[in-house]
Amino acid sequence: MNGKKRKNSGGIGGFFRGIGTGCANIVKIFAEGDWMTKVSFLIMGFGCFVRKAWLRGIAFLAVEIAYITYMVTFGWKYLKDIGTLGVVESVKQRGGKIIYGDNSFFILLFGIVSIILTILFIVVWVINVHEQKNEEEILKKGKRMPYVSEDFATLLDKHFDKTLLTIPVLGVFIFTVVPIIFMICVAFTNYDKNHQSPANLFTWVGFENFAKLLNFGSGGFGSTFLSVLGWTLIWAFFATFLNYFLGMGVAILINKKGIKFKKMWRTILVLTIAVPQFVSLLYIYKMFTADGLVNSYLIAWGIIEKGNEIPFWTNPTLARIMIIVVNLWIGIPYLMLVATGILMNIPDDLYEAARIDGANSWQMFKSITLPYMLFVTGPYLLTSFTGNINNFNVIFLLTQGKPLSNSLAENAGRTDLLVTWLYKMTVQDTNYRMAAVLGILVFAVVAIISLVVYNMLPSVKDEEGFQ
Amino acid sequence: MRKTNKLLATSLVAAMAVSAFAGCSKSGDTTTTTTAGGSSSNTTTAAPVETTEAPASYGEGTITIWVAENVVDFTKEYAQKFINSNEAYKGYTVDVQPVGEGEAASNMITDVQSGADIYGFAQDQLARLVSASAIASLSEADQAWVEAQNDAGAAAAACVGDWAYAYPMTSDNGYFLYYDKSVVTDASTLEGILKQCEDAGKNFYMEVNGGWYNTAFFFGTGCELTYESDTDGNFTKCNVNYASDNGVVAFKEIIDTVASKAFQNGSSVSNATNLAAIVDGTWDANAAKEVFGDNYACAKLPTFTGSDGNTYQMSGFGGFKLLGVKPQEDDLKLAMCNLLAQYLTSEEVQLARYEAVGWGPSNKAAQTSEAVKADEALAALAEQLAFTIPQGQYPDGYWSRATALVDDVITGVITQSTSDSDLMGYLESFQNDCISYAE
Amino acid sequence: MSNNSVRVASMKRKQTTGNIVAYIVLIVISIIWLTPFVCLVLQSFISRAEFMSTSEVYLIPKTWSLDNYAYLFSKDCNFVRWYINTLVIATFVSIIQTAIVLCVSYALSRMRFAGRTFLMKFWLILGMFPGFLTMICLYFILREMGLTQAGAVPGLILVGTASSGMGYYVCKGFFDTIPKALDEAARIDGASRARIFAIITLPMAKPIVIYTALVAFMAPWCDYVFASYVAFGYSKSYNVAVGLQNWVWTNDYQGFFTRFCAGGLLVAIPVTILFMALQKYYVEGVTGGAVKG
Chain A
1 MNGKKRKNSG
11 GIGGFFRGIG
21 TGCANIVKIF
31 AEGDWMTKVS
41 FLIMGFGCFV
51 RKAWLRGIAF
61 LAVEIAYITY
71 MVTFGWKYLK
81 DIGTLGVVES
91 VKQRGGKIIY
101 GDNSFFILLF
111 GIVSIILTIL
121 FIVVWVINVH
131 EQKNEEEILK
141 KGKRMPYVSE
151 DFATLLDKHF
161 DKTLLTIPVL
171 GVFIFTVVPI
181 IFMICVAFTN
191 YDKNHQSPAN
201 LFTWVGFENF
211 AKLLNFGSGG
221 FGSTFLSVLG
231 WTLIWAFFAT
241 FLNYFLGMGV
251 AILINKKGIK
261 FKKMWRTILV
271 LTIAVPQFVS
281 LLYIYKMFTA
291 DGLVNSYLIA
301 WGIIEKGNEI
311 PFWTNPTLAR
321 IMIIVVNLWI
331 GIPYLMLVAT
341 GILMNIPDDL
351 YEAARIDGAN
361 SWQMFKSITL
371 PYMLFVTGPY
381 LLTSFTGNIN
391 NFNVIFLLTQ
401 GKPLSNSLAE
411 NAGRTDLLVT
421 WLYKMTVQDT
431 NYRMAAVLGI
441 LVFAVVAIIS
451 LVVYNMLPSV
461 KDEEGFQ
Chain B
1 MRKTNKLLAT
11 SLVAAMAVSA
21 FAGCSKSGDT
31 TTTTTAGGSS
41 SNTTTAAPVE
51 TTEAPASYGE
61 GTITIWVAEN
71 VVDFTKEYAQ
81 KFINSNEAYK
91 GYTVDVQPVG
101 EGEAASNMIT
111 DVQSGADIYG
121 FAQDQLARLV
131 SASAIASLSE
141 ADQAWVEAQN
151 DAGAAAAACV
161 GDWAYAYPMT
171 SDNGYFLYYD
181 KSVVTDASTL
191 EGILKQCEDA
201 GKNFYMEVNG
211 GWYNTAFFFG
221 TGCELTYESD
231 TDGNFTKCNV
241 NYASDNGVVA
251 FKEIIDTVAS
261 KAFQNGSSVS
271 NATNLAAIVD
281 GTWDANAAKE
291 VFGDNYACAK
301 LPTFTGSDGN
311 TYQMSGFGGF
321 KLLGVKPQED
331 DLKLAMCNLL
341 AQYLTSEEVQ
351 LARYEAVGWG
361 PSNKAAQTSE
371 AVKADEALAA
381 LAEQLAFTIP
391 QGQYPDGYWS
401 RATALVDDVI
411 TGVITQSTSD
421 SDLMGYLESF
431 QNDCISYAE
Chain C
1 MSNNSVRVAS
11 MKRKQTTGNI
21 VAYIVLIVIS
31 IIWLTPFVCL
41 VLQSFISRAE
51 FMSTSEVYLI
61 PKTWSLDNYA
71 YLFSKDCNFV
81 RWYINTLVIA
91 TFVSIIQTAI
101 VLCVSYALSR
111 MRFAGRTFLM
121 KFWLILGMFP
131 GFLTMICLYF
141 ILREMGLTQA
151 GAVPGLILVG
161 TASSGMGYYV
171 CKGFFDTIPK
181 ALDEAARIDG
191 ASRARIFAII
201 TLPMAKPIVI
211 YTALVAFMAP
221 WCDYVFASYV
231 AFGYSKSYNV
241 AVGLQNWVWT
251 NDYQGFFTRF
261 CAGGLLVAIP
271 VTILFMALQK
281 YYVEGVTGGA
291 VKG
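Respectively, the protein sequence lines represent chains A, B and C.
Numbers 1 to 467, taken from the numbering used here, label the letters of the first sequence in order.
Numbers 1 to 439, taken from the numbering used here, label the letters of the second sequence in order.
Numbers 1 to 293, taken from the numbering used here, label the letters of the third sequence in order.
Because the hints were derived from the structure by calculation, they are not lab data.
Careful: at least some of the hints might be erroneous.
Cross-link-like lysine to aspartate or glutamate pairs, in silico, DMTMM-like; alpha carbons within 20 Å at most [said to hold, decoys possible]:
#1 A:Lys306 to B:Glu198
#2 C:Lys12 to A:Asp357
#3 B:Lys289 to C:Glu56
Taking beta-carbon pairs under 7 Å as the criterion, some of the chain C residues facing chain B (in silico) [unchecked claim]:
#4 Met52
#5 Ser53
#6 Val57
#7 Phe232
#8 Gln254
#9 Gly255
Cβ coordinates follow ideal geometry from the N, Cα and C atoms, glycine included.
Sequences and hints are given; from them, build the entire structure.
Structure follows, in structure tokens:
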């Protein structure tokens, strides 16, 4: 899949043209090839065996056998039903006996796996065909085929990348790519609590779920989606930039000339990075409840009156502020570390020159430190912004998205981010169809922001910049 | 979590529950063909293992049981006792895991096959479990046993349509008032309780943003909110009249309660601060005794004077805790699970469970035990239950929607100065959403 | 001249006042940062009995008690088991993830092969999907492999490491800064790629190896969502986050809050010590990561 795409960078048209030429090439190889090559079209690696390139022959043949075995014994029975996602209902008898029918979940999952494996098999088959041609040419030129040991040796040298990347790519493929494709498909099905495998079937419904999420009428999630999206963006903005500037401020403060115990200050701050968040954030949540430690002590000290407890988590605006503030508590130390490292890289003579020109510290910060920091950390700010859009822990451990409201649909709360809403849909409501749609939209939001901002970054535009 | 709790039923409950609930076998034992997943699936009424002769062995394997944390040891002990009692059972081992009732139901729905073979849950989850086929229907014989042994309310709560699906374990899941009698000397009216708490600078707790608790107000003023479901556990109809004058009265009372200086939202004694009174259930009886000490007292819920000048008695739900068996493909294991579940909800074990952890029996014989009758909290509950409605089935959406309704009060979107017509607007949209869950 | 010395003196004075302000700010910040931890430690010494017998919240225990800690290690409680689970998961994830990240980073930094840019872009796009999206699918994949419930620990290790190749940015950035001339020289001497990786690159990558391992080690301690999904009601397979969080959120555990504090403290201590000890490398890693983006 990658091979073809890369060579023809001319978009979709180029892609299909590439496939076209690829097919023509294969036909040509068949027409011009010797008998060994021709047999290899059916029995992969056959030519390699005859030409005594054992390792390659075994590899090709093994792929073919494995693929056919997989499809015959396992893959086909799922793949054949992918159009309907199963039709045989489970039979439920009085007394609790159940005979399970088709399992829509596995039909979809293994159907997708089978399709992907088929594509990969075709790729390997094409490689196999080209391999035959190469071998023919090598022999024609009177050279010998590489020994098995030489083949192996290249895996540690010329083809070392393949050795290094096989397992990581495979891992990403099975545990990220396949599930993502699966969930994208779920967005087009009615997989929810009433259509749950194995006892019930689910099936394709087209764009129905998208229509529901973007429907602004009654029963639709449109206005809720916009409201949650709005807060998600506000949150990501503050969580990124407040942390950034305050973290930088603290770093400058600690690194100030004449400040002692620099290490101690830093150590105190980084405690919040070290302590697992489920401990620290849950504790903080408890501290600030209406009847928690903070309110109780404020009452005991006579600062507030009983009955006027500060609604840290129940007032939506205050809850949002609290979340951002608590996030500072976690985020500032991190940024402080980053900023400390970068500040040390700023050449001292820049400051020296400024000082001679009579600049005060604010001016120096404004015209040297800040631009340098922004320039160097531009891409980091972007990833941290998109990371905050998907920042689950802080919200979930503090408010779980609460409080809810009449104006929000489907269990969404005032402090819910898109990602915590997604979590609620998945875990609490088992509404996988809508969760999948929401997930796709989160992806779209992140992708659009990344694309737009990335091209505006100074360090991308001007690679030389400060160097 | 809401409604995952336990209460006690007494003969009083049973009597009123009968009148309120149409027992599930009202249409007799006619053979019904149900539809599963919306289209035709063959359902037979044949009970495969209900032969009179017990097999020599029920096979072997592990039976996983999910129950609340505080009865894990208890359940382990009695399940083991049961297995040891008969040579035919000895192929099985029992694995009891602490999984709370709310989580148990969600897990069973997420993945039936990995779920427990036997699990405890609160009755309002039943329809969900049935529609996801995460619970086995009882054979006719077992259903007859359930009806004979348990109070009518509990037996009815185990049914969806005409079939029973679970074994009642406790009669019931309801709430009443615990209070500190040194602070609250007169617990007869809500306004009075709030006033006394305010004066003492102490807190009154009620989880008004819970759909389980706030029915105390709405049902109290005569509003209705019930669902009807078909044999497959799908909701077919919602009977609701919250968007009415009575609904507004109840809603205003909630707003007034929340506005009290003494009010705190919550329903857990151990997490409460500065506690003087709390609306809670029997599961917190021991915790309440520890907190209040000699001043421990409990009573039915108070009355309140509505904005229309009338006095209303706070109402609410009376519910039950059930033990369910997962549908199995293996007949023998299914039979074994049913036998074990039956034993775990039998008179003997229900009484033992009451003695061990204070869960009130649904078994009629167990309810007549002297110890059960003498229980103080149970007496308060019994009194309260006269004013409640037996909890039927509610769709998932209802609970979060009800929380949303009252969260707006707690967050200050809706206040005492909100006009009646706006309140009606909120109730109308709430009512429409409730109706939409039954489509 | 005298004018100049006055200026120096005034600058000194200015610096001193500046420093005093800075100290005050730092002290205030430190108090804010430490308060929750101090409270947590104090409350962990309030026994459950004391906690249940009163409905007040306070910090200083009326009687200092180690009951909570005793409970955690008693046989009524699976805490030790959860702790070991988490430790095992964290250790394996740390080792395997580091190995994978190093492999990927080296390949992407030093080698040019067909599909390299495609792979990098593809992974970047994959990373934009929210992680929770695929949770249910991953759960069933693991279940089919028998790696849920009783097998949850290896299951979590597998999921925790499988996709770690996508987190190569920081490490690749570091490799990019190691001069290529070293490799070239070694190649001329006939060393293979694998040998160069092992003999030249790896020893120079010590800070980034430690950074990667440390970050990977710390993540599993916080994994609540997926861990509770995979354990699926099998309490022996919980990790500390799942086990302890239940004590706070579910009503089944009456009066477990101070026990949670004690458990949380026991979790926090070793992780914190480890972090502090390796802080230097962590700083290097995050700084490098931020600069490279």
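List of violated hint numbers, smallest to largest: none
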